[in-house]
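**Student:** Sequence:
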Amino acid sequence: MAERGQLPHPAKRLCCRPGYGSGCRPGQRAGGSGPGGGALCAGPSSAAAAAALGLLPLGKTQSPESLLDIAARKVAEKWPFQRVEERFERIPEPVQRRIVYWSFPRSEREICMYSSFNTGAEDPAAGPGGAAAPGGAMDAAAAAADENRLPFRRGIALLDGGCVDNVLQVGFHLSGTVTEPAMQSEPETVCNVAISFDRCKITSVTCSCGNKDIFYCAHVVALSLYRIRKPDQVKLHLPISETLFQMNRDQLQKFVQYLITVHHTEVLPTAQKLADEILSQNSEINQVHGALWMCIVLNPHCKLEQKSSWLKQLKKWNSVDVCPWEDGNHGNELPNLTNALPQGANANQDSSNRPHRTVFTRAIEACDLHWQDSHLQHIISSDLYTNYCYHDDTENLLFDSQGWPLWHEHVPTACARVDALRSHGYPREALRLAIAIVNTLRRQQQKQLEMFRAQKKELLHRGVTSITNLEGWVGHPLDPIGTLFGSLMEACRVDDDSFHGFSDFTENLGQCKSLEYQHLPAHKFLEEGESYLTLAVEVALIGLGQQRIMPDGLYAQEKVCRNEEQLISKLQEIELDDTLVKIFRKQAVFLLEGGPYSGLGEVIHRESVPMHTFAKYLFTSLLPHDAELAYKTALRAMRLLVLESTAPSGDLSRPHHIASVVPNRYPRWFTLSHIESQQCELASTMLTAAKGDVRRLETVLESIQKNIHSSSHIFKLAQDAFKIATLMDSLPDITLLKVSLELGLQDLQLELLSACCSKIPERCFSNCLTCQLKKRKWSGEGKRLPFLTPVMRMTLSTLNWRRREMVRWLVTCATEVGVYALDSIMQNWFTLFTPTEATSIVATTVMSNSTIVRLHLDCHQQEKLASSARTLALQCAMKDPQNCALSALTLCEKDHIAFETAYQIVLDAATAGMSYSQLFTIARYMEHRGYPMRAYKLATLAMTHLNLSYNQDTHPAINDVLWACALSHSLGKNELAAIIPLVVKSVKCATVLSDILRRCTLTTPGMVGLHGRRNSGKLMSLDKAPLRQLLDATIGAYINTTHSRLTHISPRHYSEFIEFLSKARETFLMAHDGHIQFTQFIDNLKQIYKGKKKLMMLVRERFG
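Residue numbers for the sequence shown follow numbering that gives the first Met the number 0, so the first one is 0 and each next one is one higher.
Warning: the hint list may mix true and false statements.
[What the hints assert, rightly or not] Below, a list of computed lysine to aspartate or glutamate pairs in the EDC-like style, where the Cα atoms sit at most 20 Å apart:
#1 K1091 to E1065
#2 K984 to E1058
#3 K200 to E557
#4 K1062 to D952
#5 K302 to E325
#6 K1085 to E1058
#7 K1092 to D1082
#8 K1062 to D1072
#9 K1023 to D1082
#10 K1092 to E1058
#11 K229 to D159
[Claimed, not checked] Quick list of simulated restraints, FRET-style, between CB atoms:
#12 Q376 to A193: 39 to 47 Å
#13 E592 to S381: 30 to 38 Å
#14 D576 to L167: 48 to 56 Å
#15 K229 to L310: 19 to 27 Å
#16 C322 to Q443: 44 to 52 Å
#17 Q445 to D576: 47 to 55 Å
#18 E643 to K234: 48 to 56 Å
#19 R82 to D320: 23 to 31 Å
Simulated from the structure, these hints should not be mistaken for lab results. C-beta: ideal position from N, C-alpha, C; glycine also.
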């Protein structure tokens, strides 16, 4: 094999195993297909090269990939499918299939790397076909025999032997059977293999062969290579989650029941086992331990040569270009774990030259660690290791003030030691080290608190913090807090045989609070009354409350959220007693006063991981025992500084705005939507708990208005508050309704409201002491509602269904609060609603009978609301007459002055901005309300805006024109005479004019005309005005329309044209000389259009 400097591009680099050469496609052996010879190539060559190698027929080219395949392949490599589903509401099934298809690994090198570890005795460049290695032919033969026994070689042999069958891919899960041929001493066996994968990486494998090695067995290799080499022969199904997602609860229950019934002998034991494990906290399925490779290299009894061999292999894997990074697609800028910087000012240093950290980096670094430290040996080997010679002037003490041992080491590294001890069968030693680490963390926490108190005034004055913990313990790849928590919780289990050595500690058991855990006091190193359970809870609270910077990259950020939720879910399974409540109180105080070392301190980094999820758990746990502390903790955690601009350094009025120590950095928080939803959940929890407490509700409201920046979440909180306040089994909580209304107003406000006084309605709550307190608090005597800068200004320009829903809900909420709230929002409508919303939704709802009945309004209150609604309607009509005039007229019907004002607004706007359709609508309304002359006036104004051409015989305004003429005719001859010139001017369509003409001649005009003059009651003559003008216009329209239609007429329209002439003749004959005019008209047509012989022949046949 060529030297490394002569290797091809990394994408086409050869598999670094003996016996693999170049010049072949992926999966093809060089020099034969058997397992003993040839090579594997990592990438395809061009079609011409392939043809030259005999892999493609000459003259045959490969068709290019479709755009769908190219895009699906890239998505499958980079994006988790869950992310794709969250971003796109609907993914077409063909797209899903191609993403699933391309998500399986395509490189056989990875399968080789994870299946065939070799300690490296032979030279990987020497192969069976190469030069003999130093040592002779026997050494080469022995090396080849050893290599053929490797799982990768055996897997190839099984694949080539046709031993792989029943291959099925369901989503991101591949399954199949691999038949192991019978040997001389063993019968034939069939192994069931299952492989899970994601983003072209295998994530887990299982095989019924019982392989316990860390490497893939030959059966996994065979199935993987089958999928890589023969992808088109694998039956592919979309993830079953797609099907399950479409099922409701009953269908899912039926699905599981039928599955168990049909396959009860195979499925029932597994189903019951899974159900039991899922419901058990300490089952294997719910345990998440630290990094595997760290545990391997930190084996306390690992020999030096073994560690050197591991280090060599890990470095080899680490250098492979396809080696996955530790945190997904983002490099990690954390320091080397064996030389970790202190978590202080020096933690933030230039890291531009640091290489990307892979999944093996920490294990490589851990190879430098050892167990020979005498202090460490004493800690893990004895329960009696103490030293009461305490000196506080040393930075890294080996013992605390009580003589208990401490262990000062990079926290994740120290916890990795605990995990390694547990994994290698040393649970008691792991427990001793875990206790020393927790005691060290508690001492550090106390020291950090003292340090902050000494510098608090200076820090707050400067408005900056120099503390940036770039490496958080929750979400860390080594899961240090989870490791400590798990070790201590295992010691609490009474039924754990591995801890029988501690039986002498269990004489004074605490009160049992769960089926699995008891307070088991340790023999040494714990305070009086403390136990392993209290220690586990305390270290979990310390880790969750640690201030840490949000890491870069989607993978790392999702891991932070996921690990936090997992740890909290474990804590929630522990029932709190008085001892644990003391721990919660102690840690809550520490976190609130811990300054920049705590995520709940006064001084935090702008990009610190938010504490919303953790604070919600603290709040619910502390609320029954210490409500004041619970609210203080939750309110402190409500902030989300990454969405806020930094306050000036001298501004101490908002101390939570601390200047970032990483200036000009624009973070990308991929989990921001999840974080905001957790912030909303925390606020909702506080609102629910504060029901009936005016002071707390007001405090929570101010926090929501200051810290929540999402309009949808504010609206959700407003709805939640409304639901809580109006529960069916209790009287409405007026204060909570006020909170709900105020949040709704913030969600809709356009400008800061200058004033909005509010009072409690005099209803059935007058005898309730709580309501009396509410009245005094919310009476509005000199108090203004504290509206902040609105978040909904953009919704006024994007009027969608969501905003309409908000407006309707706000009116409903104001109705529940009372008449004063309704009156307030109507008086300030211009800052909250558009004119259309104010008239069509707000005022209409306020004036409805249901609102009057709901509020039990008296006559005075009804009139006050009606007056406000009419004022609102007139203001809206002035601002937007086109859309609000009709609503204003409707709302002002019962008030003569207001109605006249609204009518005058319509008349003023009719000549400028209003369209004929709007004017016709209002005119019809006026006629319906009994104002025919006003309707006539508006109809004439509408006619001046109308223009109907000759071919618009289906125009929607035709009915309005006919109605206007009928109205004028009913009013009298004078009104008809006034509107006909407008009709003639605006309407050019002959059929419409003829229809109007016939209607006017069939009936007599109205009996009462203008000025009370009575008409004769006779039919109007067509030879006199005004009908003579209309008749002439109609005949002229028919003539013009005929010539226009004949210009571009086609034979298929001849019959239709003849019918049109027939209607024209009927109109012509209405004139006294109409027959002569029509005959002349037909003669002119014959002369002008004599070239259209067939058409003229049809004209002669019909009209002579």
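**Student:** With reference to the structure, classify each hint as holding or not holding.
**Tutor:** Going through the hints against the structure:
no.: 1; hint: K1091 to E1065; in the structure: violated (24 Å)
no.: 2; hint: K984 to E1058; in the structure: violated (26 Å)
no.: 3; hint: K200 to E557; in the structure: holds (18 Å)
no.: 4; hint: K1062 to D952; in the structure: holds (14 Å)
no.: 5; hint: K302 to E325; in the structure: violated (27 Å)
no.: 6; hint: K1085 to E1058; in the structure: holds (17 Å)
no.: 7; hint: K1092 to D1082; in the structure: holds (14 Å)
no.: 8; hint: K1062 to D1072; in the structure: holds (17 Å)
no.: 9; hint: K1023 to D1082; in the structure: violated (28 Å)
no.: 10; hint: K1092 to E1058; in the structure: holds (18 Å)
no.: 11; hint: K229 to D159; in the structure: holds (12 Å)
no.: 12; hint: Q376 to A193: 39 to 47 Å; in the structure: holds (43 Å)
no.: 13; hint: E592 to S381: 30 to 38 Å; in the structure: holds (36 Å)
no.: 14; hint: D576 to L167: 48 to 56 Å; in the structure: holds (51 Å)
no.: 15; hint: K229 to L310: 19 to 27 Å; in the structure: violated (38 Å)
no.: 16; hint: C322 to Q443: 44 to 52 Å; in the structure: violated (35 Å)
no.: 17; hint: Q445 to D576: 47 to 55 Å; in the structure: violated (24 Å)
no.: 18; hint: E643 to K234: 48 to 56 Å; in the structure: holds (53 Å)
no.: 19; hint: R82 to D320: 23 to 31 Å; in the structure: holds (24 Å)
Checked against the numbered hints above, the structure breaks hints 1, 2, 5, 9, 15, 16, 17 and satisfies the rest.
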